[in-house]
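Q: The residues making up each chain are set out below.
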Amino acid sequence: MRAGAADLTAYDLHADQISAWRNRSRRMRYGTYFMVAALIAWSVEAIVIGDTDWDRISWASMFKSARQFMDVDFSILGSLLTPAIETALMATLGTLLGLVLAVPVAWLGAANISPLGKFSYAFGRALMTMSRSVHELVWALIFVAAVGLGALAGVLAMGIRSIGFISKTVAEAIEDVNPGPVEAMRAVGANRFQVLLFGILPQVIPVFIGNVIFEWDVNIRRSTIMGLVGAGGLGLALHRQMSAYNYGGVATVLLVILLLIIAGEIASYLARRAVI
Amino acid sequence: MSTIAPAAVKPLPEWRRFRFPQSLYKYGAVLGAAGFIWWSLDFLRIDVERLPGILGRMFDVLSERYWPPQVSRVMESGYIEAVVDTFQMSYVATVVGILIAIPLAWFGSFNMTPSRRYLYPVARMIVMSCRSVHEMIWTILLVAIVGFGMLPGTLAMTMFCIGFSGKLLAEAIEAIRNGPVEAIRASGANELQVFVFAVLPQVRVAWTGIAIYTWDVVFRAATVVGFFGAGGMGHYLRESVQRVESQEVAAIVLSIILIVFAAELVSAWIRARISRAIA
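Residue numbers (the working numbering), protein chains in the order written: chain A, 1 to 276; chain B, 1001 to 1279.
The set of hints was computed from the structure by calculation and includes no laboratory data.
Predicted, not measured: the structure shown is a model, and the values here were computed from it.
Idealized CB from N, CA, C, for every residue including glycine.
Among the hints, erroneous ones may be present.
Claimed, not checked - To be clear about the criterion: a stretch of chain A counts as covered by chain B if any three or more of its residues have a C-beta under 8 Å from a C-beta of chain B, and this derived list gives those stretches: (1) 30 to 43; (2) 55 to 62; (3) 84 to 96; (4) 146 to 158; (5) 241 to 254.
The whole structure should be built from the sequences, with the hints applied where relevant.
A: What follows is the structure, given as structure tokens:
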């Protein structure tokens, strides 16, 4: 390309712009690195130097504490069967509750079918965030306070905690449905409910079921800790062994938890393969 | 059925979505599910007769005992320091956890792993086992081993972070295009060079997003690890719960919800900015 004088000026200007942009982005990058490093230094200082009493902790003491867990106490194994089943059932019922509650929330939070437009959409999205952004332990505490000790609090906590994930993914699936069947339903005179039931539902069912299975798997993990705040299951057994300083028993409970989680993972893998 | 068959001879049967055998399976499945729910409610000793009206009773309990939240509790300087501690724990845990998770993600991604026979299953196993244990159980274990304080909380959340981000980072690697990888490999690069020059540039943006998202999830967990003696706001929550100071509990829970919500907004904002800056 032959450049005239004017072109050259334009070219220089462009080069200047590029180098200015590069300098700026380099400065920004180094600034970010510096901030990340400074925050790390500040936080590590607080955690490792400020808050940890190194006179008390030594490799020997840590090793000794870890050693206590190695004497697995198999004598309590028999008494763990009922809590293990309870944990699995709590997770299942919690997921079912979450599934039932997630349907209306997904309906509100899907932009294309939200019944009252922007208003109900924002409400649905707020419900989803609310459900997801509170840790399951906090939900469990709230429900233990509200309905008392026992498995019901755990089921409710996991149900509420599951709404967020299920309804969010389903709402996103509803937003991307193929409009063809919806229009077809509308064209044959279906009302809103019928459009939902026959136009949208069949398209989102696979996503819905897949995510419910995934959430069930996660809920098994969650339900193992529900007992720590009084909501039944293996967590309660863990809490008891912990309060009795029976570290061998703690190790046994942990092994049972691990087995249950592995079983749940296998079951959810098989279920997903069977359905999808 | 051929097109010219005399349709009028046989009246069309009433249309049904499910015919005889399927309808039986359907009712059987519904009945089975109902039976299962009934049995598990019974097994969990949940009193079914008390379930109706539960919402009203819950509202009564919360409004009588937990309302109004005692805001002065969360305005104490100790509590505000605990919020800072929580932030520090979550931050260190995320950075360290991601740094450990990066090689694990590289070894544990099926397309890019240097050795499919040995490294791949080992890396997958490590990430899986970090993932399958709930973060609170890590906390309890590490508090028992290391003692009370922020260190066990940070370690516990590092484990959680490895499990959580390791899977997402590896999935991002598995989604890259193979062209650059082959080009770099054809120029004689070794595995590490392939990773640095072909994989990293492709996953950089996705990984940044994942890192920030992970921080936001780790922060949520960090607000409650203190419940088991691992520093941060959870410690205050436990104190108030044990003293049955319901209005303090309400204030702390509300403050946790607000702070986590703010963290989520910040994380979403940064992620949106990054994806805008790249596009």
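Q: Test coverage of the region 241 to 254 of chain A by chain B using CB-CB distances below 8 Å; three residues minimum.
A: holds (count 4)
Q: Would you check chain B against the region 30 to 43 of chain A, counting CB to CB pairs closer than 8 Å, and say if three or more residues qualify?
A: With 5 residues closer than 8 Å to chain B, the region 30 to 43 of chain A meets the three-residue bar; holds.
Q: If you look at each residue in the region 146 to 158 of chain A, do at least three have a Cβ nearer than 8 Å to any Cβ of chain B?
A: Per the Cβ count (6), the hint holds.
Q: Three or more residues of the region 55 to 62 of chain A near chain B by CB distance under 8 Å?
A: holds (count 3)
Q: Taking beta carbons only, do three or more residues of the region 84 to 96 of chain A come closer than 8 Å to chain B?
A: holds (count 7)
Violated hints: none; the structure is consistent with every hint.
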